[in-house]
Amino acid sequence: MSDFKLVWKNLMRRKLRTFLMLFATLIAFAIFGVLSAFNNAFSGDQAAAIDRLVVVNKINFTQPLPVSYPARIKQIEGVKQLSYANWFGGYYPEPKNQLVVFAVDHTTYLDVYDDAITVDAATRKNFMTDKTSAIVGRAMADKFGWKVGDRVPMNSNIFSQKSGARVWDLTIAGIFDKKKENQDTNFMFFRYDYFDETRSFGKDTIGWMMLNLTSSSLADKVAKQIDETFANSPYETQTDTEKAFNKAFVAQFGNIALIVTLVVGAAFITILMIVGNTMAMAVRERTREIGVMKSLGFPGARILKMVLGESLLLAALGGLLGLGLATLAIGGMKQAAGNFVPGLAMTGDIMVFGIALIVALGVLTGIVPAMSAMRMSIISALGRT
Amino acid sequence: MSDTLIRLAHVEKSFVKGKEKISIFEHLDMTIPRGDFVAIMGPSGSGKTTLLNMLGGIDTPTAGEISFDGQRIDQYNERQLSKWRSDHVGFIFQFYNLMPMLNAAQNVELPLLLKPLSASQRKQNVAAALEVVSLADRAKHYPREMSGGQQQRVAIARAIVSDPQLLLCDEPTGDLDRTVADEILAMLQLLNKELGKTIVMVTHDPAAARYAKRTLHLDKGKFVEREELAA
Chain E
1 MSDFKLVWKN LMRRKLRTFL MLFATLIAFA IFGVLSAFNN AFSGDQAAAI
51 DRLVVVNKIN FTQPLPVSYP ARIKQIEGVK QLSYANWFGG YYPEPKNQLV
101 VFAVDHTTYL DVYDDAITVD AATRKNFMTD KTSAIVGRAM ADKFGWKVGD
151 RVPMNSNIFS QKSGARVWDL TIAGIFDKKK ENQDTNFMFF RYDYFDETRS
201 FGKDTIGWMM LNLTSSSLAD KVAKQIDETF ANSPYETQTD TEKAFNKAFV
251 AQFGNIALIV TLVVGAAFIT ILMIVGNTMA MAVRERTREI GVMKSLGFPG
301 ARILKMVLGE SLLLAALGGL LGLGLATLAI GGMKQAAGNF VPGLAMTGDI
351 MVFGIALIVA LGVLTGIVPA MSAMRMSIIS ALGRT
Chain H
386 MSDTLIRLAH VEKSFVKGKE KISIFEHLDM TIPRGDFVAI MGPSGSGKTT
436 LLNMLGGIDT PTAGEISFDG QRIDQYNERQ LSKWRSDHVG FIFQFYNLMP
486 MLNAAQNVEL PLLLKPLSAS QRKQNVAAAL EVVSLADRAK HYPREMSGGQ
536 QQRVAIARAI VSDPQLLLCD EPTGDLDRTV ADEILAMLQL LNKELGKTIV
586 MVTHDPAAAR YAKRTLHLDK GKFVEREELA A
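So the sequence lines, in the order shown, correspond to chains E and H. Residue 1 is where the first sequence starts when you use my numbering, and the numbers rise one by one after that. Residue 386 is where the second sequence starts when you use my numbering, and the numbers rise one by one after that.
Some hints here could point you the wrong way.
[Claimed, not checked] Simulated crosslink set (SDA-like; lysine to any residue; CA at most 25 Å straight-line):
no.	chain 1	residue 1	chain 2	residue 2
1	H	Lys607	H	His412
2	E	Lys5	H	Lys500
3	E	Lys15	H	Lys525
[Unchecked claim] Sample of chain H residues with no beta-carbon within 12 Å of chain E, all distances over it, derived:
no.	residue
4	Thr389
5	Gly420
6	Ala504
Keep in mind the hints are simulated off the structure, nothing from the lab. Glycine included, every Cβ here is placed at the ideal spot set by N, Cα and C.
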């Protein structure tokens, strides 16, 4: 028998109580895991480049901007590379299966996002030469089994062609992979010139521009200059860093970080009280046994370690099972809603933070009863007066 | 090696209750030779349990000296007392005080977790201790599956498994019927005679005291003659 076995035996002496505490802890950590994954996916901070600016219509990002703007902005000092794109509103093959599809300026897009995605030379060549070509992210290509050369009839729920058709036939020029850990690859893009020529309305307008700077320190200055350039025009602009733009985009769904903090905080405070109180009760029930162990020669510090070990073991079992459940749940959700929540995943950061929370929960719920057990007088524990 | 195992010199014990100072012992002197089997009797409140607590290092005197094998244990701190107890003392309680979630062998093994022994050495020692108390066949039984007498025998095995010199017994047969009590007392007598354990036993039962080599009567914090106690 080891100290661990003794701790385990103590933990399992009231199986129903232990099971209920494990279940409560499991649920709290599952909630934490799922919400944190959503928060990470929505914030997209890791994939956002700090020296990239995004320019949208000041009214909101669904309003168009003139296609003449990129050339004017390119003249501003500090702008290194610039590209532009338009939301396509794609679905394939059924309307319920909506996809993230953009029309992009094929001459510049790959250069602007060179830090985030990678394509091989053949793909780049195909994209430049074939007007109907599209480049697909690895995740999306894998999902649909698309390969280079495939013809994909991509539907739009926003645009139609001059012929009235809502389908654009796209040729897969190649597949891109991510360069950054948190970069999503569950989207595709095709050529803006093809899109603009064929669409029935909105010609010569674009959705947004993205530009890289010569230095990230110029971000504020360049953003201000862009917005001043188009101030008081019919198409005023709003320029932000990509990170700020992503945050603003997510903010339309609500303050996800605050929601996560509040829900997880409430769950943890509840768990802290439930497990802490139960641990204290469990140790009180064992007062006499602790007195016996001390009379056998177990020093107070070892008793403290055992009680603390029990609360840590409980938190570890419940917490790890909860994080495991969250991983499974996120996997399932990714299948169901991955198109619209790109980057939804249980990342290493969430796991590390979860494990830190497990340790904190174990220590916080165990420290008071453990200290009380350590300091317990043998005489009063055994009722020997 | 001196013949004296335990020596109490001018021991005082008192505590404060409210504004009142309650004295339990004043200048108590006592010597217990190695290999002795002492029964301590006396009325409730006479200080028997307090004396046993001090002998076992789970209570400390207000003044005076308590020596074990020439070492002043009254000067030990908590950590030193824990180590000393694990090396030299075995406790046997009235209500056995076994761990309900551990089987007999695991209960007996508890004190050995404090020793630098391998798992196989611990297993051997546990088997030997259970053999001494004739419970080898009950090693896997839990306390709830054993009678009171069997539980007390497991408690005795736990007390002797680390081979301490001193066994402190607090009413070891107080919860048992006469026949079983006699078996337990005979076992203690055997441990004293055959293994040379020094035993101090607190009891109310004159029949139990007869198993000891000598009986000390305690009254109002002092050792008295039997006649004096009767008076």
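Taking the hints in turn, this is what the structure says about them:
With a C-alpha separation of about 9 Å, the suggested pair Lys607/H and His412/H falls inside the 25 Å cut-off, and the hint holds. Of the supplied pair hints, the one linking Lys5/E and Lys500/H holds, its CA atoms being roughly 17 Å apart against a limit of 25 Å. For the proposed pair Lys15/E and Lys525/H, the alpha carbon gap of about 20 Å is at most 25 Å, so the pair holds. With a minimum CB-CB distance of about 23 Å to chain E, Thr389/H clears the 12 Å threshold, and the non-interface call stands.
Look at Gly420/H: its CB is around 23 Å from the nearest CB on chain E, clear of 12 Å, so calling it non-interface holds up. Remark: the non-interface label on Ala504/H conflicts with the geometry, its nearest Cβ contact in chain E lying 8 Å away (cut-off 12 Å).
Figure legend: structure checked against the earlier numbered hints; the only hint not met is number 6.
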